[in-house]
Structures are given as structure tokens and as C-alpha cells.
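Number of protein chains: 2
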Amino acid sequence: MRKVDPEKHAARRQAILDAARTCFARKGFHQTSTAEICAAVGMSPGNLFHYFPNKQEIIGAIVDQEGEETAAFFQTLGARDDLHAALLDFMDLVLELAADAEFSSLALEIAAEAGRDPAIAMRVGRNDRELRSALQGLLAEAAARGQADATLDMADAATWVAALIDGIFSRVAVDGEFKPKNQHATMRVLLGRFLRPQADASTVTAGA
Amino acid sequence: MRKVDPEKHAARRQAILDAARTCFARKGFHQTSTAEICAAVGMSPGNLFHYFPNKQEIIGAIVDQEGEETAAFFQTLGARDDLHAALLDFMDLVLELAADAEFSSLALEIAAEAGRDPAIAMRVGRNDRELRSALQGLLAEAAARGQADATLDMADAATWVAALIDGIFSRVAVDGEFKPKNQHATMRVLLGRFLRPQADASTVTAGA
Numbered sequence: 226m227r228k229v230d231p232e233k234h235a236a237r238r239q240a241i242l243d244a245a246r247t248c249f250a251r252k253g254f255h256q257t258s259t260a261e262i263c264a265a266v267g268m269s270p271g272n273l274f275h276y277f278p279n280k281q282e283i284i285g286a287i288v289d290q291e292g293e294e295t296a297a298f299f300q301t302l303g304a305r306d307d308l309h310a311a312l313l314d315f316m317d318l319v320l321e322l323a324a325d326a327e328f329s330s331l332a333l334e335i336a337a338e339a340g341r342d343p344a345i346a347m348r349v350g351r352n353d354r355e356l357r358s359a360l361q362g363l364l365a366e367a368a369a370r371g372q373a374d375a376t377l378d379m380a381d382a383a384t385w386v387a388a389l390i391d392g393i394f395s396r397v398a399v400d401g402e403f404k405p406k407n408q409h410a411t412m413r414v415l416l417g418r419f420l421r422p423q424a425d426a427s428t429v430t431a432g433a
Numbered sequence: 226m227r228k229v230d231p232e233k234h235a236a237r238r239q240a241i242l243d244a245a246r247t248c249f250a251r252k253g254f255h256q257t258s259t260a261e262i263c264a265a266v267g268m269s270p271g272n273l274f275h276y277f278p279n280k281q282e283i284i285g286a287i288v289d290q291e292g293e294e295t296a297a298f299f300q301t302l303g304a305r306d307d308l309h310a311a312l313l314d315f316m317d318l319v320l321e322l323a324a325d326a327e328f329s330s331l332a333l334e335i336a337a338e339a340g341r342d343p344a345i346a347m348r349v350g351r352n353d354r355e356l357r358s359a360l361q362g363l364l365a366e367a368a369a370r371g372q373a374d375a376t377l378d379m380a381d382a383a384t385w386v387a388a389l390i391d392g393i394f395s396r397v398a399v400d401g402e403f404k405p406k407n408q409h410a411t412m413r414v415l416l417g418r419f420l421r422p423q424a425d426a427s428t429v430t431a432g433a
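If you're matching them up, the sequences are chains F and R in order. Take 226 as the starting number for the first sequence in my numbering and just add one per residue. Take 226 as the starting number for the second sequence in my numbering and just add one per residue.
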């Protein structure tokens with residue numbers, strides 16, 4: 226029996242995930258066969274199943290990897306001096322990802338599959354909880370440093386940032402005129418005004 | 226041949242749409258048969274086809290009706306004295322609709338069907354353009370009255386309000402902890418700060 230080289234195994238696994246991302250984004254998850262993924266990565270179907278038992282596990286691993294990448298990115302954000310600026314930079318990255326046709330198509334495919342498959346919904350829900358928790362932690366620390374409005378409920382504020390992220394990807398799907406790359410400035414006005422410490426605390430509740 | 230009473234016809238048509246909304250929200254669009262809609266409304270399948278040739282036309286009519294209701298609501302908003310307050314009241318209504326399990330399930334079904342059926346996507350896209358146009362008109366008039374920040378690009382501002390609306394419905398689907406009824410105050414802080422005239426115009430571009 227051939228010995229498995231862990232590094233080679235990880236590299237092949239990653240090549241499958243990368244090929245699958247492209248296929249799912251272009252053709253849709255259900256319209257993509259495992260044979261097409263195999264062809265894209267240059268692997269026999271029998272060999273693929275040493276890495277993933279089925280197509281659901283491939284999309285599940287893609288969701289897991291996106292969660293890991295977000296967590297790693299928040300590690301670097303948390304190390305910055307200005308956490309308000311760090312959050313706005315994160316939102317710039319979200320707009321760049323939304324402008325990437327492959328990434329945003331894949332995001333829609335994942336959302337659709339979460340509506341059909343409870344196991345995928347669970348993994349998407351876990352990523353979402355971790356994202357909101359990371360946002361809340363960043364905002365709370367920003368408030369402690371005087372870089373964000375400490376009168377905000379930071380769990381609610383994190384929820385609205387998450388709603389904005391969802392909304393950005395939804396705009397890409399619904400609104401053909403929406404160009405994420407043109408929206409950096411308005412996003413910074415919207416979130417900047419929401420989050421920055423208020424000179425006059427009485428304005429916080431003055432909605433109208 | 227029996228003469229058609231237009232009022233009775235309109236009432237029956239509306240009864241079909243109401244029953245279909247409930248069925249689609251509860252079971253999903255594809256899992257609902259026209260026979261079930263007929264049973265819910267007390268009508269024979271043969272009779273149903275005097276109103277709608279197929280299930281796609283029923284969901285299409287539901288989308289059209291939501292567009293008409295939104296347009297009518299913006300007519301009443303536009304007649305208000307304080308248009309900033311009117312917009313925040315509109316967003317309160319969005320949160321109430323998102324808290325309505327039937328309405329939010331139906332919104333998800335419509336979005337999913339728009340992803341599958343270009344004719345539905347076209348009608349959803351038309352509603353979306355009309356909503357953004359109505360928002361932009363309201364914001365521009367608010368700015369002219371000194372009720373909103375005139376330095377904002379109102380097309381972009383309308384787009385971000387639309388993104389927030391999308392985001393609210395997405396939160397309902399993804400985040401089990403999201404309770405729209407608890408989010409009125411934070412929504413008003415977020416949009417209130419974004420839209421209100423700025424005391425110091427230099428803060429507009431100060432993102433960080």
C-alpha cells in the first residue's frame with residue numbers, strides 16, 4: 226500500500242476545492258457533476274472519493290474554509306491600532322469580494338443550498354455566528370479605545386453590519402446597476418457615521 | 226354563457242392570491258400544487274384556470290401586487306411634512322413585515338424563484354428599480370427641505386437603504402437570534418445618522 230504524503234494530500238484536496246468553487250460558481254451546484262470537477266482538476270472519479278465522499282461534502286468544506294479565512298482575517302484586524310479603520314477596511318474587502326463574479330455567484334449557490342440542505346445550513350449558520358461574534362468583539366474593543374460609539378449595543382451593531390454584508394451580495398444578485406467597486410465611499414459614510422463616537426450624546430436617540 | 230361580474234372576478238382573483246401566498250410561504254413554491262391552492266380557496270381546478278393559466282403566473286401576480294402596494298405606500302409617504310421621519314417609518318414597516326413569518330418566507334420563495342425563472346426575475350427587478358427610484362425621490366425631496374444631508378449621492382443612498390432591506394430579510398433566514406421587532410431603535414440610529422444633515426460638512430468624507 227502506498228504511503229500518503231500529508232502535504233501532497235492537502236495540496237490535492239485544495240486543488241479539488243478550488244476547481245469545485247469555479248464549477249459551482251459557473252454552472253450552479255446541482256448542475257455540476259463530480260465528473261466535471263474531476264476533469265477540471267485532472268483526477269479520476271475513483272481518486273476523488275479518497276478526498277470527499279460526495280458533492281455535499283465538497284460544498285461543506287468550501288463553507289468551512291470560508292469560515293476559517295474570515296477568522297484568520299479578523300485576527301489580523303484585531304492587531305491593528307485603529308479598530309474603526311480596521312472594520313471599514315474589512316467592509317472594503319467585502320465590496321471587493323462582491324465585485325468578484327465567481328465569489329458572489331458561489332455565495333448565492335451556498336445560500337441556495339443552505340435552504341435545501343440542513344447540514345449546509347448548520348455550517349453557514351456557524352460561520353455567521355462566528356462572524357457576528359468577531360464583529361462584536363472588534364466593535365467593543367474599538368469602543369473601549371474611544372474609536373467607536375460606546376453607547377451602541379455592540380451585538381445589535383454587529384448584526385446590522387452583518388445585514389449590510391448580506392445586503393451587498395443581494396444587491397449584486399438583484400440590481401444589475403449595482404457596482405460594488407463604486408460604493409466604497411458611501412459605505413464609509415454610512416458605517417463611519419453609525420459607529421464613530423458622538424460629540425453630542427443626545428443625538429443618539431434622535432431618529433427623526 | 227354566463228356574464229362575468231368584474232367585482233366578483235377581482236374578489237375571487239384576490240382570494241386565490243391570498244391562499245397561494247399562505248401555501249407558498251408554508252410549503253414552498255415548488256412543493257405547492259395548484260390543487261392545494263384550489264382546495265384552500267374552495268374552487269375547482271378548472272375554474273382556477275379562468276384566473277391564472279399556471280402556477281408561475283400566480284407567483285408573478287403576487288410579485289406585481291407587492292410592487293403596487295409599495296408604490297401606493299410611497300404615495301402616502303411623499304405627502305408627509307417630514308420626509309426623513311417618513312423614511313424611518315417605512316423602515317419600521319419593513320421590520321414588521323420581516324417579523325411576519327409568512328411574509329418573510331414568501332420573500333425567500335420569491336427570491337429563490339427569481340433565481341430559477343427569468344420572467345419572475347424580470348418582475349422582481351422591476352419592483353426593485355421602482356423601490357430605489359421612490360427612495361431616491363423621497364431622499365432628494367427630503368434634502369431639498371433640509372431634512373436629509375444634501376451632500377449625499379441620493380441614488381447611492383437609496384441603493385444602501387435597499388441593501389439594508391435585503392439584509393433584514395437575509396438576517397431572518399440566516400440568523401435564528403435576529404428578532405426584527407427588537408431592532409427598530411438601532412435601525413433608527415443607523416439610518417438617522419447616515420441621512421440627517423451634518424452640522425460639520427467636513428465629517429462627510431472622514432471615514433475613520
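Since the hints were derived computationally from the structure, they do not count as laboratory data. Just so we're clear, the structure is a prediction, and the values are computed from it rather than from any experiment. A couple of the hints might just be wrong.
One copy or two, either will do: identical chains are not told apart, so a pair holds if it fits within one copy or between any two.
[Unchecked claim] Straight-line distance between alpha carbons at most 20 Å, and here's what the computed SDA-like set of lysine to any residue pairs gives:
no., residue 1, residue 2
1, LYS280, ALA297
2, LYS280, ALA244
3, LYS404, SER329
4, LYS406, ALA365
5, LYS280, GLY253
6, LYS406, VAL266
7, LYS228, GLY350
8, LYS404, ALA346
9, LYS404, ASP289
10, LYS228, ALA359
11, LYS228, VAL319
12, LYS252, GLY340
13, LYS252, ARG354
14, LYS252, VAL399
15, LYS406, CYS263
16, LYS280, GLN300
17, LYS252, ALA337
18, LYS233, THR295
19, LYS406, ALA244
20, LYS404, LEU356
21, LYS406, ALA236
22, LYS404, ARG351
23, LYS228, ARG351
24, LYS233, ASP342
25, LYS406, MET268
Evaluation of the provided hints:
Taking the shortest Cα distances, LYS280 and ALA297 never come within 20 Å of each other, neither inside one copy (26 Å) nor across copies (46 Å). In this homomeric assembly, LYS280 and ALA244 come within 20 Å of each other (Cα to Cα) only inside a single copy, at 12 Å, whereas the closest approach across copies is 37 Å. For the identical chains of this complex, LYS404 and SER329 are intra-copy neighbours only, at 12 Å inside a copy versus 26 Å across copies, given an alpha-carbon limit of 20 Å. For the homomeric pair LYS406 and ALA365, neither the shortest alpha-carbon distance inside one copy (28 Å) nor that between copies (23 Å) is at most 20 Å.
Taking CA atoms no more than 20 Å apart as the test, LYS280 paired with GLY253 passes inside one copy only; the shortest distance there is 12 Å, against 24 Å between copies. Taking the shortest Cα distances, LYS406 and VAL266 never come within 20 Å of each other, neither inside one copy (31 Å) nor across copies (48 Å). Taking the shortest Cα distances, LYS228 and GLY350 never come within 20 Å of each other, neither inside one copy (37 Å) nor across copies (55 Å). Taking the shortest alpha-carbon separations for LYS404 and ALA346, only the inter-copy value of 19 Å comes in at or below 20 Å, while the best intra-copy value is 28 Å.
For the homomeric pair LYS404 and ASP289, neither the shortest alpha-carbon distance inside one copy (28 Å) nor that between copies (26 Å) is at most 20 Å. Proximity of LYS228 to ALA359 under the C-alpha cut-off of 20 Å is found in neither arrangement, the shortest distances being 40 Å within a copy and 65 Å between copies. In this homomeric assembly, LYS228 and VAL319 never come within 20 Å of each other (Cα to Cα): the closest approach is 41 Å inside a single copy and 59 Å across copies. In this assembly of identical chains, LYS252 and GLY340 lie within 20 Å of each other by CA distance both inside one copy and across copies; the values are 18 Å within and 13 Å between.
When the C-alpha separation of LYS252 and ARG354 is checked against a cutoff of 20 Å, the pair qualifies neither within a copy, at 29 Å, nor between copies, at 27 Å. For the identical chains of this complex, LYS252 and VAL399 are intra-copy neighbours only, at 18 Å inside a copy versus 24 Å across copies, given an alpha-carbon limit of 20 Å. Within a single copy, LYS406 and CYS263 get their C-alpha atoms no closer than 34 Å, and across copies no closer than 48 Å, so neither meets the 20 Å cut-off. For the homomeric pair LYS280 and GLN300, neither the shortest alpha-carbon distance inside one copy (31 Å) nor that between copies (49 Å) is at most 20 Å.
With identical chains, the CA atoms of LYS252 and ALA337 are at most 20 Å apart both within one copy (14 Å) and between copies (16 Å). When the C-alpha separation of LYS233 and THR295 is checked against a cutoff of 20 Å, the pair qualifies neither within a copy, at 25 Å, nor between copies, at 57 Å. In this assembly of identical chains, LYS406 and ALA244 lie within 20 Å of each other by CA distance neither inside one copy nor across copies; the values are 26 Å within and 42 Å between. In the homo-oligomer, the alpha carbons of LYS404 and LEU356 lie at most 20 Å apart only across protomers (18 Å), although the nearest pairing inside one protomer, at 24 Å, exceeds that limit.
Taking CA atoms no more than 20 Å apart as the test, LYS406 paired with ALA236 passes in neither setting, with 32 Å inside one copy and 47 Å between copies. In the homo-oligomer, the alpha carbons of LYS404 and ARG351 lie at most 20 Å apart only across protomers (18 Å), although the nearest pairing inside one protomer, at 29 Å, exceeds that limit. In this assembly of identical chains, the alpha carbons of LYS228 and ARG351 never lie at most 20 Å apart, being 35 Å within a copy and 59 Å across copies at closest. In this assembly of identical chains, the alpha carbons of LYS233 and ASP342 never lie at most 20 Å apart, being 31 Å within a copy and 43 Å across copies at closest.
Taking the shortest Cα distances, LYS406 and MET268 never come within 20 Å of each other, neither inside one copy (37 Å) nor across copies (51 Å).
Of the numbered hints listed earlier, those contradicted by the structure are 1, 4, 6, 7, 9, 10, 11, 13, 15, 16, 18, 19, 21, 23, 24, 25.
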